[in-house]
Amino acid sequence: MRALLARWVQFWDLREPADSLAVLRIGLALVVLCDFAAVGRFGLVAPLWAPIEDGGIGPAAYAAPSCWFYEVFGASAFNAGLLFTLACVATASLCIGWCTRSSALALLLAYSQLAQLSPASDRGIDTLLRNVLIILVFAPSGATLSADARLRTGRWISDARVVAWPRYLIVVQLIVMYFSAGMQKQSQAWTSLGGYSALYLVLHQPHYAAFSLPHEWLVTFSPVLRISTFVSVWFERLSIFVPWLMWLRATRDRPGRLRAVVNRTHLLEIWVALGITFHLGLALTLQLGIFPWGCIALYPAFFQPESIRRLPLLAAVG
Amino acid sequence: MTLGALEGPRAEYARRVWRRVRAFLITLVLLQQIISAWPAQTLTLDQLTRPEGERLVSVLERTLGLLGVERDREQIKQALVDRSLDVARFRRTLLRPFRMLTSGLASDQQWGLFLISRSQYFRMQIDLLRDDGEWHTIYRAGSFDELGLGPMLRYRRVRGLYNPSARVGPRRQYSGFVSWLANELFAMQRDARQVRVQMERFQLGHAGEPVESLGFEFARIRTRAGAP
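In the order they appear, the protein sequences are chains F and R. For the first sequence, the working numbering begins at 1 and goes up steadily by one. For the second sequence, the working numbering begins at 1 and goes up steadily by one.
Wrong hints could be hidden among the right ones.
[Unchecked claim] Coverage of chain F stretches by chain R, computed from C-beta distances (three or more under 8 angstroms per stretch; other residues unrestricted):
#, segment
1, 45-52
2, 114-123
3, 180-192
4, 212-222
Rather than coming from a laboratory, the hints here were simulated on the basis of the structure. Note that the coordinates shown come from a computational prediction; the quantities given were computed from them, not determined experimentally. Glycine included, C-beta positions come from ideal geometry on N, C-alpha and C.
This is chain R alone, in the form it adopts within the complex (with noise of 0.2 angstroms):
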């Protein structure tokens, strides 16, 4: 039985009291999307000496000029980063009484999809230590792939696990991404003695200039159990 099934003068009380009920609840469910999206990353320093950051603080001065504010570059950029602060503090404390539901049911609000922050990018490579003594080159990301991983190593979900970023580098689990992938080919090939998977940072310039590799990075090595 609903509510909407009942009838007489209660069940209309009732259905106008539950109206507004769940419109504020919708309200409440909106405000806390919109709060959710506001960013939770805090404004560095480092950041607005970027170009875009320049850019930035030079509209901010600009505008300040024309309103008869004086303030130069280092104090713009300065209350840009506490005002930063101040609105992740704002955004942590409007947000405290969702946050056992949005974490338990893993809920975000936060897209920062595809931000590039610089022009370089990875690319794995895989090389097997064999009997022989030699490394070999068994998977290179979009080039080369001996042993057909390609598939799954590009599945989003596994290369979440591996691709660093630019920035800040690999992820939490790649470490433990780097073990399983060591166990998986120990079990394939059974002349591998050691596994390495590295990343080789490459640096993109402007739309004609060359690719320029920076060099490999990020190296671990396993080795197969009971291996000299």
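Pulled out of the complex, with its shape left as it was, chain F reads as follows (with noise of 0.2 angstroms):
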């Protein structure tokens, strides 16, 4: 027993360069600065954030400001603006990598505040992103590609070693929302009993469907949709075994048929790359916002700091 938790201990203990995180770390606040550029460009600051007497759509009104900052600074449609603007910015600041840690924890106090204020705005991505800042408010996510490291070694690549359960941590949020939303999808739809219907009847909806496609077009096409159906449903409740793959792909040094045959078939990188496939043909096909782009932005957490570093544009800024 206690050799298992001395293994346990030593095992979040371990380093590695800190590329991947960097990566996900950009990625993560490119893809919150679209999402906030979308709210500006549509002019929704204030009908999603002020106070109902300021022309907010609710729940907060000047009785019942709904969230700290507002309690702290006064329920204003100038402090709603005040507010998305210190988020604007935390996510411009995390992007570049300067101050990074009291970056992600400013835009997660930001962000946790203006989902609080307008609940039914808030998506299931606002949710997984806020979970991965949490994360990365204790990751040295600036490690490198920041300008901390710029500030601190006078180059933008540094080859720090930090430490990796930060990345492992995203690798199990990743498989929690997965893995949970596969099991949960158990209505007929997602089922033999329903034919594996779901897609079919999602690019039906006008409110998501990207291209509203004729009902003939959509019957036509339904052998392929039940399909994707199928193949999408299981890559989610199959994503229980990606640590094990994981796992496999890390000490496939050590003996063991099994773990031969796992790494020889790649199955972890065709779990990956049906992960991405399935999250392109989501932002293809349907208007899901940054949905697909927040998922694909934590990806790098799949990957070995090693392979990120042997990318094209990270060689040649290195």
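Hints are included, so try docking the two chains, each in its own frame, into the full complex.
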């Protein structure tokens, strides 16, 4: 038991280059920035987050501030703008990696206040990104590819080795999301009882479909949509095995027939490729905003930092 | 000065202690993540009478039969509902110490994404009552958009305010959304006296079957201030 505990403690102290975390940080911040840009473009700051008396949709009101930011600074359209500006500045700062942890904390706090001011406009992807931000507050994601690294070492890229646990926790976060979402999809449309018709149904919904395709077209393509539904729901459910696949990959030098077969068949790469395809497919066919891009932004967590370093753009910067 | 930069036996001891504390804290976070992902919603007898519920009950009935335990279907359904209540209660108890932090940071692990409980969907329609006394449709999601409202209305944060669930209807902010939209439209359209926002419910059959309109629901009308 003591040996097991010692290995557990040792595991969470593993070190690696910071490239995966840094790319993830930049991706996450860019996605949030794009979303905030959309809010600005549509002029939605006051409608979404101002109190009702100042043109907001609610639920915040002078008498019911809904979040501590309004309780402390007062509920007003001006303060909604201030909170939104703070969130934008913190996101930009996180993106360039300046005061990285403080920026992550500032964004997390502002983002959660915005969520409380308009719960219905805060979607699953916002919750996911906030969950990851909690990890980034404690993670050295600014150790490389950041203004912090530049200020500290004179170079944008640093070879500093940092703790690997934040990356592992983000992997766990993604697995929890996929597996939980997959297991909750028990309604007929997601099972053989409904002929795996979920995507066929969703593509009919004018509030979600990116293109209003004629019903006849969707009927024609329904076999493809059924296969896609089956693949996507099982992609989510099988995510529970990803940590095991990652462990087999990390210990590929050890003996064992199963380990060798799993590594030779590239199951991990297949799952990750399926995930990226799944999200790109969603981005192409449905109007889900930042959902697919936010998820893809977290995928660097599945990659060893060494493989991230080999990306052409990063190699050029280095 | 970080712990890693210190040297000497006391620093080494402090590092060893910190590694253990950190592993403990991470374990706590992992447990919180996993427990938090258990379904917070409980099963209902209504859910268990749907085909997917009936299938689950059949599987359990057969499994219990193999183990020599005889239970009728109603007993199994009631047991499932009771156990789901127990699990939800247990989950709430375990997560109580974290509640202030998770609610303060709007953090959650409930991932019911695109559950699609029914083969029904909605289409929003916006009409204006103009000075001529007639209702004019200015927006029908996915097919008609006279004023170019589509990109804004389809933006995910705005859709979250009005898109109704086939099972439980519109969200809490729907009414506020209609009031805000009406004010925007009154400012844009000088001859608009009233704004009506409503949702047309559609029933979708199996592939090949036609789509059937079940009529309009959740109609909300707003009148311009001072209009007759």
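Hints, one by one, checked against the model:
| no. | hint | result |
| --- | --- | --- |
| 1 | 45-52 | holds (count 3) |
| 2 | 114-123 | holds (count 8) |
| 3 | 180-192 | holds (count 10) |
| 4 | 212-222 | holds (count 5) |
Hint compliance for this structure: no hint is broken.
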